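Keeping their order, the protein sequence lines are chains A and B.
Numbering that gives the first Met the number 0 puts the first residue of the first sequence at 0, with every later residue one more than the last.
Numbering that gives the first Met the number 0 puts the first residue of the second sequence at 0, with every later residue one more than the last.
Because the hints were derived from the structure by calculation, they are not lab data.
Errors might be hidden in some of the hints.
Quick list of the computed label-pair ranges, beta carbon to beta carbon [stated by the list, open to error]: (1) A:Glu70 - B:Glu369: 25 to 31 Å; (2) A:Val133 - B:Ala408: 48 to 54 Å; (3) A:Gly102 - B:Thr301: 53 to 59 Å; (4) B:Gly273 - A:Asp111: 40 to 46 Å; (5) B:Glu137 - A:Asn134: 53 to 59 Å.
Since we're looking at a predicted model, the values are computed, not measured.
The C-beta atom is built at its ideal place from N, Cα and C for all residues, glycine as well.
Below are the chains, spelled out letter by letter.
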Amino acid sequence: MLAPDTQKEIAQLLSRYPIKRNALLPILHVVQKANEGYLTPELLEGVAGICEVSQTHVEGVISFYTMYKLEKPGKFHLQVCTCVPCCLVGGEELLEHVEGKLGTHAGHTADDGVFSVEEMECIGACSYAPAVIVNEDYHEKMNPEKMDRLMDELRSQGEAHA
Amino acid sequence: MLEETLVLFRNIRNPNYDKSLKGYKNAGGFMALKKALEMQPDEIVQLTKDSGLRGRGGAGFPTGLKWSFMAKGTGKPTYLVCNADESEPGTFKDKQIMYKDPHQLIEGMIISAYSIQAKQAFIYIRGEFFEGARILEEAIEEARAKNFLGDDILGSGYSCDIVVHRGAGAYICGEETGLIESLEGKRPYPRIKPPYFPAVLGVYQCPTIVNNVETLCNVKHIVEMGGKEFAKIGTPGNTGTRIWCVSGHVQKPGYYEFPCGALTMGELVNDLCGGLHPGRELKAIIPGGSSAKVLRADERFTGKLKDGTEFDWGIWDIPMDFDGPTAAGTMSGSGGVIVMDDSTDIVQALSNICAFYAHESCGQCTPCREGVQWMRKVTRRMCNGNSRDVDAELLLSIADQIEGRTICAFGEAAAWPVQSFISKFKDEFEAYAEKNIVSSKTGSGQLV
Chain A
0 MLAPDTQKEI
10 AQLLSRYPIK
20 RNALLPILHV
30 VQKANEGYLT
40 PELLEGVAGI
50 CEVSQTHVEG
60 VISFYTMYKL
70 EKPGKFHLQV
80 CTCVPCCLVG
90 GEELLEHVEG
100 KLGTHAGHTA
110 DDGVFSVEEM
120 ECIGACSYAP
130 AVIVNEDYHE
140 KMNPEKMDRL
150 MDELRSQGEA
160 HA
Chain B
0 MLEETLVLFR
10 NIRNPNYDKS
20 LKGYKNAGGF
30 MALKKALEMQ
40 PDEIVQLTKD
50 SGLRGRGGAG
60 FPTGLKWSFM
70 AKGTGKPTYL
80 VCNADESEPG
90 TFKDKQIMYK
100 DPHQLIEGMI
110 ISAYSIQAKQ
120 AFIYIRGEFF
130 EGARILEEAI
140 EEARAKNFLG
150 DDILGSGYSC
160 DIVVHRGAGA
170 YICGEETGLI
180 ESLEGKRPYP
190 RIKPPYFPAV
200 LGVYQCPTIV
210 NNVETLCNVK
220 HIVEMGGKEF
230 AKIGTPGNTG
240 TRIWCVSGHV
250 QKPGYYEFPC
260 GALTMGELVN
270 DLCGGLHPGR
280 ELKAIIPGGS
290 SAKVLRADER
300 FTGKLKDGTE
310 FDWGIWDIPM
320 DFDGPTAAGT
330 MSGSGGVIVM
340 DDSTDIVQAL
350 SNICAFYAHE
360 SCGQCTPCRE
370 GVQWMRKVTR
380 RMCNGNSRDV
390 DAELLLSIAD
400 QIEGRTICAF
410 GEAAAWPVQS
420 FISKFKDEFE
430 AYAEKNIVSS
440 KTGSGQLV
């Protein structure tokens, strides 16, 4: 059951396009965000109905676009860019550092559920590399020390709101 | 000291600039729109042709000419799409405009939509630009509230609205027909051209123009100053300014706006971006986003330009415009200049680039789908210390079998780095096999 706010957003999105299917990607974003950052089979079924497309079509879409997740990410989803411009200045070392610190590889959530890590293709911050997106926020000119400080800060934030 | 020529960045470089509608208007905004609405749409198309404006997304196609391809008399609605999917590695210029001066884009879009008689426009913005989408939505609301968008704009009788449509993480959505498929709610599988030229069969199979953010902003300035005035900036065939993005092994990576041809590669990298780090020497430069062919530091470029003049350049002499890099056997592409010094392991760098294309291939065309995975595996295997004598030849043969055999230009984008890296740095690839080199990294983590 989708929350009233979510339903309202969905209705608004549907009104922008001539056919409902056109609103699929934006609606998936809204539904995912309202569900702690991931999509479930039930939600996908619901979205398929709303957009008047088959479930196969929705599966095809979410399996292609990297931003749609089927597993719950951490409270703070760390998206580390490892494309050429970032890697030239330490992007891969940064990813390895984060993986080592969390004891998990990119594409997974650390056991305590606070952090998850994802490897990203170019996120458009190349002159401020290495760059990381945490949930929706860009963090630039990162290095392992700054990453450690950021993660500690986020962890305390997470605990404060627990 | 080299100083920027601020056309698109006039407001952005002002530290006190207020990017709201009010601030934009105070800085002279929306005067061009008023002027445009008093002209006929065809006049604006002609103005754009006169200006010599070329697309700033990567292909450099003449914008006025593209607009003139719009199918007429079809009875179908027409659409304008702003390609704000900016995902070419090394490129981050459109982001600056959208985040810091959104109304410039909006004004450019309304003028462009008017000239192709589109009542509906879309901004397809990559999903990772969360804040950018919010900024644009807010700016559109502001514009609507002041009748710069919506019905009967400024009493002109012309109506137009803009919808912000967020992507969800797929580089191929930067390809105009892939973008259109995504806009329609599907996987972004590019369409074959012909017949699916967007100007004929675009969004909802209706005549559509897809233009880059920077291109659309330039339209506003062309109307403001006039097509012929605009054409005085830059050089013949390379008019207007361009925004160059510099990343990698330079002391001051950043982005700069200069008239086409006003800068050389050397001035951009060494003067504006502080040059290489102390004690380092240049190894290579990718001049136009990762799809552009790489340039080797000690290469010499000779030949004849379009106007017949002969040129003989070193890497630092290449003029930063469209035709200069093309003459040097590469392209200015998206304007993303990636600098690599002698600390760079070239095989590893190529492995990273191959991983990118392997990840981003949409999978429609067999040569690309199979070829990019194969190139990724070979380069990764090399980095893991298992190079074979035949690897360089193998990679070249795979790349050659992708190029020219795909529905869209992604095939070329994936093939060109392999072809250029290997042909220009053959020694490094051969050394990997001869010396059983194990790279310090595989070029990227676990992506593919």
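Consistency of the hints with the structure:
1. A:Glu70 - B:Glu369: 25 to 31 Å: Given about 29 Å between the Cβ atoms, the range holds.
2. A:Val133 - B:Ala408: 48 to 54 Å: violated, 34 Å
3. A:Gly102 - B:Thr301: 53 to 59 Å: 55 Å Cβ-Cβ, so the 53 to 59 Å window holds.
4. B:Gly273 - A:Asp111: 40 to 46 Å: holds, 42 Å
5. B:Glu137 - A:Asn134: 53 to 59 Å: violated, 20 Å
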